[in-house]
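S.K.: For the protein sequence lines, the chains are X and L, in the order given.
Letter by letter, the first sequence follows residues 96 to 457 in this note's numbering.
Letter by letter, the second sequence follows residues 369 to 444 in this note's numbering.
A couple of the hints might just be wrong.
[Stated by the list, open to error] Keeping only pairs whose Cα atoms sit at most 30 Å apart, straight-line, the calculated DSBU-like set for lysine-lysine is: (1) X/Lys401 - X/Lys378; (2) X/Lys426 - X/Lys397; (3) L/Lys396 - X/Lys250; (4) X/Lys100 - L/Lys433; (5) X/Lys397 - X/Lys378; (6) X/Lys121 - L/Lys433; (7) L/Lys379 - L/Lys407; (8) L/Lys407 - X/Lys100.
[To be verified] Residues from chain X that face chain L, not an exhaustive set, calculated with beta carbons under 8 Å: (9) Gln111; (10) Thr211; (11) Phe232; (12) Ala238; (13) Gln323; (14) Leu338; (15) Arg340.
If you are wondering where the hints come from, they were derived from the structure by calculation, not from laboratory data.
Note that the Cβ used here is the ideal one computed from N, Cα and C, for glycine as well.
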Amino acid sequence: MATTKEQEYFSRLVEQLQRMTQRPVKIMEVCGTHTMAIAAAGIRQILPPEVELVSGPGCPVCVTADMDIDAFLDLATREDVTIATYGDMLRVPGTEGSLADIRAQGGRVQVVYSATEALQLARENPDREVVFLAVGFETTAPATAHALTVAQAEKINNFSIFNLHKMVPPALRALLADEETAVDGFILPGHVSAIIGEEPYRFVAEEFGRPGVIAGFEPVEIMAALVQLVTLLNRREARITNLYRHVVRPEGNRTALALLERVFQPANAIWRGLGEIPDSGLKLREELFPYDAEVKFGVTRKPVAKRTACRCGDVLKGLIKPPACPLFARKCTPEQPQGPCMVSAEGTCAAYYHYHRRDSDG
Amino acid sequence: MCLAVPGEIIKIYPDGYQADVNIMGNVKRVSIFLTPEAKVGDRVMVHAGQAISVIEREEAEAIEKLWEELLRHGND
Ligand code: SF4
Numbered sequence: 096m097a098t099t100k101e102q103e104y105f106s107r108l109v110e111q112l113q114r115m116t117q118r119p120v121k122i123m124e125v126c127g128t129h130t131m132a133i134a135a136a137g138i139r140q141i142l143p144p145e146v147e148l149v150s151g152p153g154c155p156v157c158v159t160a161d162m163d164i165d166a167f168l169d170l171a172t173r174e175d176v177t178i179a180t181y182g183d184m185l186r187v188p189g190t191e192g193s194l195a196d197i198r199a200q201g202g203r204v205q206v207v208y209s210a211t212e213a214l215q216l217a218r219e220n221p222d223r224e225v226v227f228l229a230v231g232f233e234t235t236a237p238a239t240a241h242a243l244t245v246a247q248a249e250k251i252n253n254f255s256i257f258n259l260h261k262m263v264p265p266a267l268r269a270l271l272a273d274e275e276t277a278v279d280g281f282i283l284p285g286h287v288s289a290i291i292g293e294e295p296y297r298f299v300a301e302e303f304g305r306p307g308v309i310a311g312f313e314p315v316e317i318m319a320a321l322v323q324l325v326t327l328l329n330r331r332e333a334r335i336t337n338l339y340r341h342v343v344r345p346e347g348n349r350t351a352l353a354l355l356e357r358v359f360q361p362a363n364a365i366w367r368g369l370g371e372i373p374d375s376g377l378k379l380r381e382e383l384f385p386y387d388a389e390v391k392f393g394v395t396r397k398p399v400a401k402r403t404a405c406r407c408g409d410v411l412k413g414l415i416k417p418p419a420c421p422l423f424a425r426k427c428t429p430e431q432p433q434g435p436c437m438v439s440a441e442g443t444c445a446a447y448y449h450y451h452r453r454d455s456d457g
Numbered sequence: 369m370c371l372a373v374p375g376e377i378i379k380i381y382p383d384g385y386q387a388d389v390n391i392m393g394n395v396k397r398v399s400i401f402l403t404p405e406a407k408v409g410d411r412v413m414v415h416a417g418q419a420i421s422v423i424e425r426e427e428a429e430a431i432e433k434l435w436e437e438l439l440r441h442g443n444d
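So here's chain X without its partners, still in its complex pose:
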């Protein structure tokens, strides 16, 4: 869909990158939408060999911990509960099956496109307990927060959320603190940034000396981000640049931030692959506990033993690329996913499966 002008800039930026790359660099992208866009445009295949582009923990479904998956599957088997979920979560495998399996066995699982739609489901079914699987980063969390304030104002008491919301900057910090990861710079997520702005990434440059570029999702915008990152790396200059200025204000979306502040408080959260990350979750504030499905239904989480050879956790840290997983494209396919990185359309394994399964570089 790119305009001719954009295609022209894209080619010129590719050439520029080839000319200017002086040494091996490892760039990480931390947004599932970038993962998909990069794979779809075949960007990895045209990069200079020195530029390695890895995907990080940018897919909210993928980073959901096994413990959490089992907990919401447990909830879904309750007689009185209807689960309202984004379609992406439907086939995520837990210890015993998925939401799709539960639905096939007569459980009530309904796909929704927004938190508002989930709330509407609760309004229309006063005799059911509607539990919304609230998954997503800062981009998605304000919509959940909004639905909750409406539920509170209208006293819709058969609505609650199973809260899986997470925040991106603390995960970046965890990745940077982990020496195994060794990333030189980041392509920062455009739409998360539309909410949080530029400031929350400052530590990436100031504490860890790595550059980051906030980028849009067109191939030309991704290529521009790469040129900017390599320019900064060549100059040994660590700072955060915003190349998505028409959508991302330096201060973010103040209304959304105020709403998040009103509804949530930071709390530790467990990420697949990364483990527990301090203050990376968004817990409901106490006055909203009645809308927290965990509190409402007394959910308990049990540790989950590793079930398969799935290496989704390593994929999410950028340590391996999907073809290095022994199950990739053999036992694990989008039809028979063995891990969440293959389930979600924007999971790195799914992106590799669809766009470059035949590559030798893996």
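Following the hints, position chain L with the ligand against chain X.
M.R.: Just chain L with the ligand now, with coordinates in the frame of chain X:
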């Protein structure tokens, strides 16, 4: 999950919180609760039924200048 698509606001409902947005020829009703500054004629980014940002026309037009700059700087 963080996918957002651009569209143009063609109508704002009297409650002020909802708008009809033309997204590539399809008109969708979306919440503009998070973008109270949005006006008819504005372009917004829509994510999961919500407008999350009003697209700034001037910045959008300036983007080619940004790319030109990048093409120049790399030559250092
Ligand atoms: S290919 Fe499948 S099994 Fe392997 S890491 Fe990806 S999701 Fe897990």
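S.K.: Hint by hint, note whether the structure agrees.
M.R.: Here's how the hints hold up against the structure:
no.	hint	in the structure
1	X/Lys401 - X/Lys378	holds, 26 Å
2	X/Lys426 - X/Lys397	holds, 27 Å
3	L/Lys396 - X/Lys250	holds, 27 Å
4	X/Lys100 - L/Lys433	holds, 13 Å
5	X/Lys397 - X/Lys378	holds, 19 Å
6	X/Lys121 - L/Lys433	holds, 27 Å
7	L/Lys379 - L/Lys407	holds, 8 Å
8	L/Lys407 - X/Lys100	holds, 29 Å
9	Gln111	holds, 5 Å
10	Thr211	holds, 6 Å
11	Phe232	holds, 6 Å
12	Ala238	holds, 5 Å
13	Gln323	holds, 6 Å
14	Leu338	holds, 6 Å
15	Arg340	holds, 4 Å
Checked against the numbered hints above, the structure breaks none of them.
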